[in-house]
Amino acid sequence: MDHEKALGGKIFTGPVAFLLLLFLVCAYFLVIRYINGIGTVSNLTDHQSWGVWKVVGVLVGAAFVNGGYVTAFLVYIVNKGQYHRFVRQAVLFSLLGYSFAATSLVYDTGRYVNLLNFFIPKYMQPNSALFEVGICITAYIVILAIEFLPGLLEKFMPEGEKSDNLAANLHAFLNKVLFLTVAFGVLLPTMHQSGLGALAFLMGQKISPLWQTPWVSFLYVTSSVFMGLCIVVIIDILYHPKSLKNQEYLGLLKTLLKIGVYVAIFWIVFRFVEVIRNGGASNLFDVGFEFIFFWAEMILIVIGMIMIRKTNARSLFSGAALMLTGGLLYRINTYLVGFEGAPGVTYFPSVPELMISIGMLALQIAIFITFVKIFPIISQE
Amino acid sequence: MTIKRRSFLKGLAGTGAGLSMAPLLTGKAEAREVRRVQDDHVGMLYDATKCIGCKACETACKTANKLELELDPTGTFDAPRDLSTNAFNIIKMYNGPEGMSYVKRQCMHCVDPNCVSGCPTSALNKEPNGIVSYDKDACCGCRYCQMNCPYNIPKFEFNDWYGEIKKCELCRETNLVTSGQPACTEACPAGAVIFGKVKDLLVEAKSRVQKSPSLYLNHVYGEKDGGGTSVLYLSKVPFDKLGLPNLPEYSQAYAQESVQHRLYQYLALPGILYVILAGIAFKNRSGHKED
Ligand code: SF4
Ligand code: SF4
Ligand code: SF4
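Chains P and G, in that order, are what the protein sequence lines are.
Basically our numbering = 1-based index in the first sequence + 66.
Basically our numbering = 1-based index in the second sequence + 344.
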């Protein structure tokens, strides 16, 4: 059986240094933002007041990390034990991703200290999809941390059959109540993903019929499923260069992606039905900005699905990457391309604004790389 | 593009019903109740045909609410270009094939406001008198209100280290307290904008249209538009030309909350799901304790 092992190796490598450098640039702009306000570093305006920070940071960031709940669902609910090896790395990735989403809220919101009001009963506003998203992110970070704890504890457990210290006891206890956390870990992201879509519905006609529908929440949940599966496969391939010729291994990945393909086909059909039902049929062929971005989504996903039919590492990897990109584009499109605050208002992020998002992402990847070197996360054969 | 967006959501009026998750739940889950203007709600009636474009209301609004002047290049004239964190009220002008008209813009104090429905930390509230108020101590600055307000009313202080949302609150803490009516209605020399109970203003508006049908469109904007607003408009020039969008007769907040309430009614669905999931995970537990 596979077992998770710490990868070891030097911590401070070239790539890590580069990622940290990106983060330094980001930190510089963050300082300016905190002193002089959001407007001084970003291109956000009253007519387009959500930009890359919220859309890429929170929406896309959160989508990136669906691997955690999708694998947990497969392993613990559908009882597909053979996927167990994917769980830990997906959980770590999800944990970092959600923390990333939460931190982007801290620099995106103008009155960040009042984010605490999310937890003060007198200010809670359960009708708000944004409130739901905030609460779910926080709760899910806690759940993921608990799911992830065993990996950390193993580092501190004495070798051998009958280990008996604090870490080992806690480890055993966590394993016992795992089913409680896992159930939360599956339920919360589902609610949370649907909340991310629901945010769009309240914007009504400001969003083009190519993206606006009362079912947008549902579309966000379904797209998160295939995106989650893709991300799991992508990370796994990156960390198992030796297995890439192993047919059994590739078969395992392919089965995962196949589930993703079925979900994606359903999703695409649903998308088109909704566009037409909401009177957007003519928008489908109205050549322009929205047209290009809508079809780019579809084409990326369809090419991805076709590539996955071949069982070799390269096709599986690129197929998954294309489908993931299409799914991410869908989220960006809903709020940036499809959103028109006022006629003629356009938005493109400024360089500092982009650097802040990129820098925070770089930091997250650096942390992931470092963690898997120190702690037993990635399974090795 | 805007044209195409105008009315596509009208077809969704039934979507509350289209999204019938009801059988999934208690079998009796219903869309949220429809909110209507209450008898003691106050608001304004703006009659574009009477407005002379003098901008006395702009000045009065700035004075009453202590807003900074936005001077023109000569430095002698307060010349806001649009609503902003320093202009809660603005007079604009349309001149086109449909004729010429002024229009006054400020918060509409919607009957069922999107901004209130979406605000995660209860910073925006529909007060008992119908005014949509803002509380900076509650606001986290997420700017969701800007994204969902159909009239683009809330403005954010982007160049402040700890900015606030700014918008018309019907002078609830300023002129309404000192003079019993908003500064803009008090200042208007032409009687183009008047203050009162919404129900009375609606009667007044309808009687004006009835008395001189040739002077007005047969439409009191805000009676039903977007689920209704506490600020009503009369005009000869089509309202969308004046920047008041064509909205369905229900509020998007109503549509959104109906969908959401169906899903989460009494948290029953998530609760049931949790128990089922935990049960399955418990049953499967032995399968892969420590592979
Ligand atoms: S006009 Fe906009 S800001 Fe004013 S109450 Fe309506 S939704 Fe809120
Ligand atoms: S910016 Fe403030 S008032 Fe507006 S929705 Fe967010 S918390 Fe509410
Ligand atoms: S009611 Fe008061 S705040 Fe609102 S536009 Fe009139 S003067 Fe300005």
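Be a bit skeptical, because a hint or two may be false.
What the hints assert, rightly or not - Sample of chain G residues facing chain P (criterion: CB under 8 Å; computed from the structure):
(1) 393
(2) 397
(3) 413
(4) 462
(5) 495
(6) 506
(7) 601
(8) 604
(9) 621
(10) 625
Claimed, not checked - Distance condition first, Cα-Cα at most 27 Å in a straight line; then the derived BS3-like pairs of lysine-lysine:
(11) 568(G) with 585(G)
(12) 188(P) with 568(G)
(13) 146(P) with 627(G)
Stated by the list, open to error - Pulled from the structure, derived: some chain G residues nowhere near chain P, Cβ distances all over 10 Å:
(14) 492
(15) 518
(16) 599
(17) 628
Just so you know, these hints were derived from the structure itself, not from any lab.
Owing to the predicted nature of the structure, the values given are computational and were not obtained by experimental measurement.
For glycine and all other residues, C-beta sits at the position ideal for the given N, C-alpha and C.
### Query
Against the structure shown, which of the earlier numbered hints fail to hold, in ascending order?
1, 2, 3, 5, 12, 14, 16 and 17
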